[in-house]
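Colleague: Taken in order, these protein sequences are the chains called A and B. Just so we're aligned: 3 in the UniProt record's numbering is position 3 of the first sequence, and the numbers increase by one with no gaps anywhere. Just so we're aligned: 17 in the UniProt record's numbering is position 17 of the second sequence, and the numbers increase by one with no gaps anywhere.
Do not rely on the hints blindly, as some may be mistaken.
One copy or any two copies: either way a pair holds, since identical chains are not told apart in the list.
[What the hints assert, rightly or not] Only pairs whose alpha carbons sit at most 30 Å apart, straight line, appear in this in silico BS3-like list of lysine-lysine:
1) K88 / K198
2) K8 / K198
3) K45 / K173
4) K88 / K45
5) K145 / K45
Quick caveat, the hints were computed from the structure, so don't treat them as lab data. All values derive from a computational prediction rather than experimental measurement.
Number of protein chains: 2
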Amino acid sequence: MITLDYLKQSCSHRIVWLLEALGLDYELKIYDRLEGTGFAPEELKAQHPLGKAPVLQDGDLVLAEGNAIIQHLLDRYDTENRFTPAHKTDAYSNYVYWLAISASMFSANLLALVSKKGDLGDFAQYTDAQVGLYFNHVEQSLEGKTWIVGEQLTGADFSLSFPLQWGLNYVNKADYPNIVRYLEQIETHPAYLKANEKTAGGLDLSRF
Amino acid sequence: MITLDYLKQSCSHRIVWLLEALGLDYELKIYDRLEGTGFAPEELKAQHPLGKAPVLQDGDLVLAEGNAIIQHLLDRYDTENRFTPAHKTDAYSNYVYWLAISASMFSANLLALVSKKGDLGDFAQYTDAQVGLYFNHVEQSLEGKTWIVGEQLTGADFSLSFPLQWGLNYVNKADYPNIVRYLEQIETHPAYLKANEKTAGGLDLSRF
């Protein structure tokens, strides 16, 4: 039995997309953000020692962290390698590369959010450059490719969707036509549309 | 042919540890940080579009990001699964979980560093709590275990070593006896000692 703790307007959304793409049965527990602060509610925080969404329970396993949940679900349930490149290929190495980049983009976005809220002094120049650095890299890497690794939709696309959707708040969208095309492709993927239905709405990240 | 671009006093060190543990042949290019700022030199930045260390070249593949490099090296060269739990086991899922936690701890440390350099206003409370949150989770998870997944030294330990070594700057060491024991175990591992030799010195993260 799989259960997913889902926080609205968060990186939880890409996990529902993957669960739908894999055609799995799961129970979804949807949590609203607190009015005002936008923080996660206490009931959600109680689900995991880190208090962060999403949380996936699969039998005795309790996992947080998008990349961990994505790799766990593919390891267990992607038995036909629909979303996982074959081992010992460059595609596999690029798949784990883009998973890692996704985590670093998340961190870059968080720095940008923090930078907006305070005064970072000498560090602001470094911080403010990070989101654009990653966006430029993704933009160039998408040139001539359907998905981030190549022709195959992989776990890396599920992972990367969220930091790109969020990061658009900090860049000029017009500078990134490949990323805009890529996100349109993601947001109209049949399993993504199902995820929108299941969660009663898509993502609205405008407040971050 | 494997080449590693190694920046002194950085997360590059754990990759040398893994290369030594796997017994691989590789060429090491060591870069000093710039005096004053401590930033990476331009020659290193030129090795990868993100300009970040470490960078691993393996044939035609060029990879940045510690977790990507670790997963690539294990996928290709850990043929006897010495450092990789078997697929479809809870140990495998916990291995990818701790890889992901390691990336998030890196991000938490970066927030702590930024917070030290500037004034984050209302956000400081959130930011300052993050490192301790992860340290508490690792501390509890190490209780009664040799390595972070269990009895087997895995890629997750290689990954986690650096954010813990760095994060000690932001916590009270005495609160974390399991982590202190775990880092001693890491820093006296035969392949880690070889990494120190190869790089002409261990890590000194005191300036961060």
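Colleague: Determine for every hint whether it applies to the structure shown.
Modeller: Hint check results:
1. K88 / K198: Close across copies (28 Å), not inside one copy (36 Å); limit 30 Å.
2. K8 / K198: within (12 Å within a copy, 48 Å between copies)
3. K45 / K173: between (34 Å within a copy, 26 Å between copies)
4. K88 / K45: The answer is between: 28 Å across copies meets 30 Å, while 38 Å in one copy does not.
5. K145 / K45: Between. Shortest inter-copy distance 25 Å satisfies the 30 Å Cα cut-off; intra-copy 39 Å does not.
Of the hints listed earlier, there is not a single one the structure fails to meet.
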